[in-house]
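Undergrad: Model the full structure from these sequences, guided by the hints.
Residue numbers (our numbering), protein chains in the order written: chain A, 75 to 341; chain B, 270 to 660; chain C, 249 to 561; chain D, 6 to 319.
FYI, nobody ran anything at the bench for these hints, they're computed from the structure.
All of these numbers come straight from a predicted model, not from anything done at the bench.
No residue lacks a Cβ here, since even glycine has one placed at the ideal position from N, Cα and C.
Don't take each hint at face value.
[Claimed, not checked] Derived pair list, reagent style EDC-like, types lysine to aspartate or glutamate, alpha-carbon separation capped at 20 Å:
(1) K640/B x D540/B
(2) K139/D x E529/B
(3) K560/B x E323/B
(4) K386/B x D281/C
(5) K640/B x D537/B
(6) K403/B x D400/C
(7) K296/B x E522/C
(8) K386/B x E525/C
(9) K197/A x E213/A
(10) K118/D x D544/C
(11) K139/D x E525/C
[Unchecked claim] Reference excerpt, derived from the structure (chain B facing chain C, CB under 8 Å, subset only):
(12) I303
(13) A348
(14) A352
(15) K360
(16) T396
(17) K403
(18) N406
(19) G512
(20) Q516
[Said to hold, decoys possible] Label-pair restraints from in silico Cβ distances:
(21) T164/D x T620/B: 50 to 56 Å
(22) T401/B x I553/C: 25 to 31 Å
(23) S146/A x I182/D: 39 to 45 Å
For reference, the chains in residue letters:
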Amino acid sequence: MTTSSPKLFSETIQPHSLLDVKNLNKNFAGFQAIDGVNFHLFPRERHAIIGPNGAGKTTFFNLLTGHLQPTSGQVLYKGHSLRQLAPHNIVRLGLARSFQLINIYPRMTVFQNIQVAVIARNKKHFSFFKSANSLFQRESEELLELVTLVEEREVIAGELAYGKQKQLELAISLASNPEVLLLDEPTAGMSTSETNEAISLIKEISSARSLTLLFTEHDMGVVFGIADQISVLHHGKIVATGSPEEVRNNTTVKNIYLGDGATDGQS
Amino acid sequence: MRHRLLVSLVIAGTLLAINNLHAEEIKIGMLYPITGGGAIYGSPAQIGHRMGVEEINLDGGLLGLQAISVERDTKLNPATAAAAAKEMITKDGVHVLIGGLSSSVGLAVSEVARQEKVIYIATIAKTIQMTTNKRHNYVFRTASHTDFEGDAMAQIAEKLNAKSICDIQLDYAYGHDLAAGIEKGLARHLPDTKIVLSLRPKLRATDYNVFITQIMGAGCDVVTGGLWGPHFVDFAKQATPFGLFQQIKFIAGGEIGSHEIASTMGRDYPDNVWANSYELWYHHPNEEHKKFHSKLSAQLGTHETTMWPVLAVIGVRMYAAAVKQAGSLDPDLVAEALRGMSIDTPVGPRTIDPTTHQTDTGQFWGPMVKKEGAPYRVMDPITYIPALLSE
Amino acid sequence: MTDPIDRAGIILCLISLATLILIPAVGSNYLVDVTTEILIYSLFALSLNVIIGYSGNVSFGHAAYFAIGGYTNAILLTTYAWPLVASLLASITVTMFITGIVAYFCTRLTDIYFAMLTLAFSMLVWAIAFKWRSVTGGDDGFVGITIPEILDQRINFYYFTVLVVVFSTWILWLICHSAFARSLLAVRENPTRAGFVGINTRLMRWWAFVVAGTFAGLAGALFAMLHRGMYVESAFWTQSATVLIMTLLGGMFSFFGPAIGAATLFLLERITNEYTEYWPTVLGLILIVILLFLPDGLVGLVTKIRNYWTREH
Amino acid sequence: MEPFLEFIRENLGSPGLAILISNPQFAFIQLLNSISMGMNYFIIAAGLSLIFGVLKVINFAHGAFYMFGAYITYSVTELMGLSFFWAVLAAAIGLMLMALIIERCLFQFIYDKEHLMQLLLTFALVLILGDLAKIIWGTDQYSVAYPAGLAGATNLGITFYPSYRLMLCVLGPAIFIALWLFIERTRWGRITKAATQDRDMLSALGINVPVIYTIVFLIGSALAGMGGALASPFNSPAPGMDANIIVECFVIVIIGGLGSLWGTFVGALIFGLVFNFGSVIVPNAQDVFAFLLLLIVLLIRPWGLYGRAESEGQ
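TA: Right, dumping it as structure tokens:
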């Protein structure tokens with residue numbers, strides 16, 4: 075499945091990497107949230123970013139997708155800088171994301187939620203006279219099938235159960251047909267059974283669609299269930315990168331989660 | 270959804286159409302602002318309008334028919350007034366439109382009158398356009414107009430021996446027209462006197478300090494102004510501490526001599542103001558005025574009465590007299606009768622010019638002075654300046 | 249926001265259309281005048297709803313575009329004696345162009361700041377109409393618009409208005425049920441998410457603004473012709489507030505809601521004015537009732553009642 | 006193009022600018038005019054700004070409150086014969102009572118609604134209060150006398166200037182400092198300030214947020230009433246005076262930055278300066294100043310001079 079396996083603490087840019095982060099910094103009014111991060115994402119990886127609460131995972135994520143602008147440093151996708159690029163242009167390049175908090179269109183139906191994303195990918199959102207109702211029906215329904223929401227097709231999205239809303243959001247992200255999918259805490263707030271379903275769903279989809287996956291997660295079960303690469307973020311720095319096995323045995327990581335770092339995580 | 274509304278509309282419309290078939294009354298349409306800022310004038314005018322209609326009925330009606338008043342609020346908005354005028358014509362079937370306060374409302378109603386071929390008598394709007402380039406067969410005016418007013422102001426400036434004049438006018442139609450009227454008047458009466466400063470505060474301005482200080486620095490000995498109603502009150506209250514009225518004489522158009530301004534301001538009314546009014550409750554130019562005043566004062570419940578009702582009454586009377594003479598309600602015949610129509614009013618005789626459709630409405634002018642026993646200033650001596658553009 | 253094109257809907261539309269065509273047969277000039285004016289206000293309110301209902305931004309200055317359309321038409325027809333079709337097309341184009349410029353700045357902002365900037369722009373339009381006396385007639389108004397002789401007839405003008413408004417409504421209906429509108433709704437519901445599925449949210453809002461302004465301009469052009477005059481008050485912010493209330497009263501979450509609101513408010517005002525001078529209070533109370541109890545307007549109320557009814561029986 | 010050029014020519018060019026440059030005394034008087042006008046507006050707009058800051062409601066009815074303040078002053082001084090000082094107090098207290106009723110009966114139900122809803126609810130209030138004033142005071146205009154001792158002018162050495170307006174130049178900053186001290190130095194003030202930033206946090210801390218809303222609304226309304234009372238000697242109470250002032254107050258609050266007291270103070274001063282010096286230089290463009298100012302500020306700084314952006318990244 076996975077292709078190359080980079081070395082620990084790699085500083086060199088691999089020619090075939092999809093996403094390269096170079097010396098990234100983000101400062102919030104004196105607080106250094108991201109501190110000189112270098113990071114590379116390779117095609118068809120399933121890469122997890124872990125770290126205690128407040129380590130900067132969500133900030134890092136928002137910087138990758140242009141939702142926040144970095145204080146300094148670069149985010150390159152296939153060699154293109156993402157700096158100052160609006161979200162819709164980033165998506166056009168093949169990078170899609172989900173959000174930690176549910177981010178759907180609550181007053182539209184499940185079908186419409188997905189359809190909008192399909193419309194946008196096909197650049198039909200400036201078609202003023204093309205009736206929306208029958209547009210991209212088959213494609214949207216395929217996505218519904220993929221995330222098992224066929225029965226909820228006409229339900230108002232805001233009325234769905236929590237887990238199903240997360241599934242819906244995944245479908246919305248997939249609808250842009252991305253090469254790289256970024257998921258921010260994909261199972262946050264889910265029950266155990268929902269989480270298990272989500273893990274198998276994500277795995278299934280990413281292999282079926284040959285997706286490159288980057289996700290943050292605090293649930294280690296999920297991380298080790300999905301990821302084939304793991305990076306550990308601590309105090310805004312990446313302290314370790316490697317296969318699940320390597321990370322599990324890394325002493326720094328052990329210290330962070332078991333030693334001093336544990337108290338840090340509470341703050 | 271939509272069709273239900275329309276169906277009910279159709280039913281309502283049918284009923285109204287049937288209603289209008291037998292006209293047993295003469296419907297006198299009234300258009301004054303009775304809400305918002307214009308209500309200061311519109312509400313008293315409404316009382317006068319009703320008095321006028323009542324007079325007709327006490328007189329035994331017109332052509333054997335009783336008169337009723339159909340009233341609408343213009344909200345000082347020309348589009349609202351035009352729609353209301355149209356509605357009164359097509360729904361209520363009014364035979365005449367009377368009223369109109371601002372220039373734009375007057376012109377808008379006049380336009381409806383032209384389209385619908387219904388008589389419109391403008392009782393308050395002074396814009397010169399109505400009886401010049403926008404005149405048509407059915408529009409008549411009993412109000413004064415800005416050329417008359419400006420000419421009267423120039424005559425007073427002549428009497429005061431003005432050397433240089435500052436002109437302050439509100440920055441809208443009436444102000445611009447009056448400024449032009451004053452200029453024309455000065456050319457006739459004081460060809461050597463120049464307007465050294467022209468100021469244009471905005472309509473409904475609240476702060477005049479910037480203009481007051483400019484007037485005081487300009488070195489003029491007379492100010493001409495068309496700041497009506499609250500504008501003058503605010504201007505005067507703000508100018509008094511600067512001592513403006515001690516240095517400079519103020520010729521105030523816009524009916525600043527009327528009772529309501531004088532009584533509102535009471536002891537704050539400034540010195541050296543020469544002002545005008547259509548009517549003064551304490552000045553009886555004829556016997557009829559005494560009767561009119563006692564009737565109005567009974568109506569209002571106060572001995573002192575405002576000027577606006579008489580304007581409305583004159584409009585209604587003018588129409589009644591024309592109908593009587595024409596012996597018909599046909600607007601063309603009534604319009605024919607109105608051309609050159611002459612009536613007596615509580616403020617003297619009034620005649621409509623057959624070609625311009627403008628009534629020879631002059632105004633009372635005079636200095637506003639303190640008088641023994643009066644709680645506020647009165648005009649004394651009172652001079653009636655007739656509506657004549659002397660050559 | 250869905251208006252399924254079911255059979256009942258089609259029948260309703262046909263009945264409305266038939267009623268509109270038959271109205272002059274009643275023989276009441278008043279009815280014809282009122283319906284003409286209601287149609288114009290309906291188009292005005294429908295246009296506003298493209299911004300409010302579909303893009304989720306509240307414009308407090310929509311009257312400006314109404315006035316621009318009205319004045320352009322008035323000036324071209326009267327001062328320059330253009331033929332009607334050319335003048336109408338030019339009015340639409342001019343409004344579209346100016347709206348496009350204003351929208352460029354306004355769409356940078358959202359929420360209350362957006363509302364205030366639209367208000368500021370509209371008052372600037374008002375001020376220009378007010379001050380530019382030689383062209384617009386200033387606050388005397390642009391009175392005495394010449395319109396083609398054939399439209400001088402009340403009935404003919406009525407049918408002309410029906411034609412223009414029904415056609416415009418049809419176009420608006422298409423736009424509001426298009427892929428564009430669906431994406432626009434996504435922007436209203438969740439601009440962040442919409443951005444991350446590849447929608448340029450600001451450009452979408454810009455288009456919504458331009459569409460809304462353009463049709464408001466057309467409504468204004470008709471208004472000027474109906475009254476044979478155009479007045480600065482039509483650009484004042486209170487006019488924007490009135491059309492906003494119309495939209496809200498009918499219901500901003502349905503396509504035809506604003507038109508129903510326009511008709512209702514217009515008739516209510518006419519009727520109330522005959523009985524009392526306290527129309528402002530009546531309007532205020534209506535507003536309070538909508539805001540506190542009928543957030544989806546009259547259309548929402550009808551839906552609620554229908555749901556209640558079907559549940560009971 | 007020709008008519009447009011003519012339009013520009015008609016409206017530009019006046020002797021005012023020359024006088025302004027050549028006559029420092031004249032310029033100084035215009036400065037005083039600007040400050041006293043700005044301070045009058047500040048007292049009214051401060052209430053509007055305070056209410057927005059905490060309640061996030063743009064109160065259209067603020068102008069109506071101002072009008073009621075002026076009318077009450079008339080009733081208290083001219084009809085009841087009490088002194089001007091008591092009238093100002095009565096206006097402030099009267100408006101507090103009115104605000105209490107409005108807040109309890111209406112406002113409290115719409116705090117969680119969208120801004121549009123709140124804006125329109127206050128617009129409904131404008132309509133109703135306008136009619137209410139008409140029922141109580143009729144459609145006449147009234148004149149309120151200057152308070153004893155402030156009717157004349159004061160010698161400032163360089164020039165004489167109306168004493169009442171000078172008093173406003175002092176009172177405005179005094180009210181600003183009082184409000185500032187209240188917000189920065191008292192417990193209630195700090196809670197109020199916190200409420201402008203995070204309401205949920207406050208209720209989580211066990212603070213009774215609705216009570217704060219009520220209090221802020223009362224203080225804001227009292228300021229409007231006081232503003233109306235203080236303006237009444239030179240702005241005669243009359244129907245429609247609410248509409249004359251409210252849009253200008255909006256402009257001031259927005260250019261200063263919504264919810265920022267300092268911004269409102271600066272905004273009021275800028276407005277006074279632009280209005281007065283603008284009127285000297287372009288004597289017939291008074292209608293345009295307020296909106297032009299608003300437009301320019303919003304185009305350069307979309308959230309006003311001292312306002313904060315709604316959120317990053319939007």
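Undergrad: Determine for every hint whether it applies to the structure shown.
TA: Verification of the hints:
| no. | hint | verdict |
| --- | --- | --- |
| 1 | K640/B x D540/B | 13 Å, holds |
| 2 | K139/D x E529/B | 17 Å, holds |
| 3 | K560/B x E323/B | 15 Å, holds |
| 4 | K386/B x D281/C | 16 Å, holds |
| 5 | K640/B x D537/B | 14 Å, holds |
| 6 | K403/B x D400/C | 19 Å, holds |
| 7 | K296/B x E522/C | 14 Å, holds |
| 8 | K386/B x E525/C | 28 Å, violated |
| 9 | K197/A x E213/A | 15 Å, holds |
| 10 | K118/D x D544/C | 13 Å, holds |
| 11 | K139/D x E525/C | 11 Å, holds |
| 12 | I303 | 5 Å, holds |
| 13 | A348 | 5 Å, holds |
| 14 | A352 | 7 Å, holds |
| 15 | K360 | 4 Å, holds |
| 16 | T396 | 6 Å, holds |
| 17 | K403 | 6 Å, holds |
| 18 | N406 | 14 Å, violated |
| 19 | G512 | 33 Å, violated |
| 20 | Q516 | 32 Å, violated |
| 21 | T164/D x T620/B: 50 to 56 Å | 53 Å, holds |
| 22 | T401/B x I553/C: 25 to 31 Å | 58 Å, violated |
| 23 | S146/A x I182/D: 39 to 45 Å | 42 Å, holds |
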